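Trainee: Please model the complete structure; the sequences and the hints are all you need to start from.
4 protein chains.
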Amino acid sequence: MSSQPEPELTSRQYQRKVAAEFTGSLLFQFLAGVAALSSVKYGLAAAALGIGFSYMVISFALRGISVGHLNPAVTVSLLVTQPKGYNIDWVLCCMYITAQIIGSIIGMFMVVFLIPMDTPPCNNPDGCNPVDPLVYYSLFMARGTLTGSHGLSVFLMEFFCTSALVWVFYGTSVDPHGKAHNLAPLAIGFAMIVGVFAEGPGTGASMSPARSLAPAVVKGSYEYLFAPLAATLLAGIVTGLVYNYLFLFDEHVPDLYH
Amino acid sequence: MSSQPEPELTSRQYQRKVAAEFTGSLLFQFLAGVAALSSVKYGLAAAALGIGFSYMVISFALRGISVGHLNPAVTVSLLVTQPKGYNIDWVLCCMYITAQIIGSIIGMFMVVFLIPMDTPPCNNPDGCNPVDPLVYYSLFMARGTLTGSHGLSVFLMEFFCTSALVWVFYGTSVDPHGKAHNLAPLAIGFAMIVGVFAEGPGTGASMSPARSLAPAVVKGSYEYLFAPLAATLLAGIVTGLVYNYLFLFDEHVPDLYH
Amino acid sequence: MSSQPEPELTSRQYQRKVAAEFTGSLLFQFLAGVAALSSVKYGLAAAALGIGFSYMVISFALRGISVGHLNPAVTVSLLVTQPKGYNIDWVLCCMYITAQIIGSIIGMFMVVFLIPMDTPPCNNPDGCNPVDPLVYYSLFMARGTLTGSHGLSVFLMEFFCTSALVWVFYGTSVDPHGKAHNLAPLAIGFAMIVGVFAEGPGTGASMSPARSLAPAVVKGSYEYLFAPLAATLLAGIVTGLVYNYLFLFDEHVPDLYH
Amino acid sequence: MSSQPEPELTSRQYQRKVAAEFTGSLLFQFLAGVAALSSVKYGLAAAALGIGFSYMVISFALRGISVGHLNPAVTVSLLVTQPKGYNIDWVLCCMYITAQIIGSIIGMFMVVFLIPMDTPPCNNPDGCNPVDPLVYYSLFMARGTLTGSHGLSVFLMEFFCTSALVWVFYGTSVDPHGKAHNLAPLAIGFAMIVGVFAEGPGTGASMSPARSLAPAVVKGSYEYLFAPLAATLLAGIVTGLVYNYLFLFDEHVPDLYH
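Residue numbers (our numbering), protein chains in the order written: chain C, 1 to 258; chain Z, 259 to 516; chain E, 517 to 774; chain L, 775 to 1032.
Keep in mind that the hints were calculated from the coordinates and are not lab data.
Being a predicted model, the structure only gives us computed values, none of them experimental.
Among the hints, erroneous ones may be present.
To be verified - Subject to a maximum C-alpha distance of 30 Å in a straight line, what follows is the list of computed DSS-like cross-link-like pairs (lysine-lysine):
| no. | chain 1 | residue 1 | chain 2 | residue 2 |
| --- | --- | --- | --- | --- |
| 1 | Z | Lys299 | L | Lys815 |
| 2 | C | Lys41 | L | Lys815 |
| 3 | E | Lys735 | E | Lys557 |
| 4 | Z | Lys299 | C | Lys41 |
Stated by the list, open to error - Here are a few chain E residues that sit away from chain L, every Cβ distance over 10 Å (derived from the structure):
| no. | residue |
| --- | --- |
| 5 | Leu595 |
| 6 | Thr614 |
| 7 | Phe625 |
| 8 | Val734 |
| 9 | Leu741 |
| 10 | Leu757 |
The C-beta atom is built at its ideal place from N, Cα and C for all residues, glycine as well.
Mentor: Written out as structure tokens, the structure reads:
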């Protein structure tokens, strides 16, 4: 089975997959962005559940088309480890990442158009506190209170939380020993929720290069972008290689345990 | 398989389906309505989880009978795209929508009967702040702080969030490539939760024509009804057509990826 | 298949089922009771998620033994409707209900022993506000702010929320058209969560005769017990009969839709 | 089937399992620890969902490798009851527990390194209240307001909540009558959430010896460690034996009920 080449994708199949990553990333950035703004008034749980459930439901919807990466860190990781059944070559990897980034930027523009900086969402009839522009953008970027003075902390937090996300992706969607079956998008979405609960207050909880890049492009400010971008991509690659070495060494282990 | 006509439904099967949409919509409007009132005191998470979990559990219960549309935007979308296995013709579409709207109106009357405007639900022994009548009704309608002055914002917010909901419905319940299987109602319910987190503070989060129409009928006020009604129906139709074009063009793609 | 009698249970199988209902009800009353007390400080979501997830996880654990009724309203409903595969006769019904009630009372005693009325749970190093004894017990009983002056409201709220719970039980665990499969306990648990979000602030959210009876016995106060007891039992019976009439009339409908 | 011995594990299979418990425990202690710190500002739901979802997603990822014990109380329980298909002998038990404890200690060191005691996580631009060192550590240990003066309460609370967790593990992952299938990690994760909602305010919600031991080692303070350590281990053993006696007496019961 491993000796014969996997079948080539037709051009139409490529298009379907890339269209899926594009529309999925657009919807994710939009929904997660508006939900993150709600957290100004409604606290961390609104951000964590809004962002994580967006990731989850879009993963469910894309599962049969592009497997729902929605995240360049996942796509690059799969390019490096080349797991069976994923067929990620350089061309598809570049097309996925381009679709993810352009989709995220458009989704971010939709957020900014619908919720201008001086009209934060609220139900208060006698007016809302305008959101501080710095807070407004930091909600979409990996820039919490630790940023600037604590660049290394942001890097490490993003690295560990993205690593956990990618690790759950491998354990439920790549590993042939995995037992999650159709629950894989649920586990991945909950891993995103955990990440927001864990690092949200400290860093803004990016866990995806596209999620950090999009607001930077929309704002035209690339100042604090390096740490989350490097951390999430590196976490994807390192976690993939470690998982591969530790757990995927031999697929033919007899299945003794449930 | 596509050349032979699908079997006709008997009159009894029609009745069962329509009864399912009626009872489901009634329960949904009642449970979601009372939960939305709790959010006056308990915040956005109470509304989001109460509304979304209602949608989810009723979808689970109706899955084998009427597939649990519970939402005219979904029913109209399926009428337009005519996916395989759904058999939605003009007659069934009208019966579904009538059942959904009448069920929702009765459910809304139950809310108003049980929780009169001057007795909001609370646990406070020394009395509760009476809910502002405007807030009281706005909790069931797509009318948040943006309304009136920002009709276009309400329209766009409702359009995008309903579109995400319908898109998840197609990806998990219509697309033959879908991998959600029995998890489809879970994904749809979480998509509703995401929508409330995203647009709840801004618009009241309708995402269904029936959910906006019912309180308008009960209150006898049709002032701000156009934006959510048009947005949700249009989102259903447009999302169905786009999904159909992008992802359902050819069912016979070999299944290369999991 | 329907013409031949279902096999008799051995005495040992009876014992296993009854032991399951007893231990499950004990754990549920204990976990849900302590979680409900947390809501004094942490709000409605703590109560709703604590109570609903308790119900859910115990239902998952008991699914293969007693199907996890945990609730006399469910057991009585199944006695009345006699669905296939459930084998609930008068003897088993009485044993189930006895086990549920005794288990709940012991679980409630554990709560009272571990969290005495003057030592509410809190993390505050400089002391906690002692919980009002009335609030303390009302957290476990169907007695919210509406009680006393609004006995009918409590009755109707309990009736509708219990009805939704039982309806989801039938749609996912009894109806042969159901598609929830192993997700049934999840749907039932979320239905409980929805009920707490909906009626928790108004009535205390019983939805089970055992859950109301246990604190009344422990406190020795049976004053407001009639409304929730009658409402939940009646909701179980009426919902079962209506579901039976509307949806279970003919099991042999060909499965046209997914 | 029960007469022939189960196959021996190769050395490589042992390593894979132990590596899984090590990496899983490390990630769990880190994610749960940072999420617990968020609860200082964001309340009990942040801690409960952050801790429980961490446990859930890591259980999903490890399901096919080591079954994701992540908890010495579970491992010891399985050693005592020796259920079919688990193959836990003394050697594997010791390796699992060593891996769980060392992983947890490293994860705890990561928390302390990334979030020093005087820089609690917050989004507040004008500074955060420094977390009280006592609160800081108590968030990771079974030491709430009840500790010290109420050692027995801590013991009993930990015993009952751990017992519920282990009981759900048996009902979904050990019992051959179980119907949870791939949902077992979801049920176990929700059981952890329930435990935090129930006992979190009172005891800090350990439910695992490793989760209490790790912060004690990092802080070098073993003062209040006895109660949670003894309670969780004892709960694992007692619950396993009781479950075994009540429900696992005979695997060959015909499956009458769904």
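Trainee: Kindly indicate which numbered hints from before are broken by the structure, ordering the numbers from low to high.
Mentor: none
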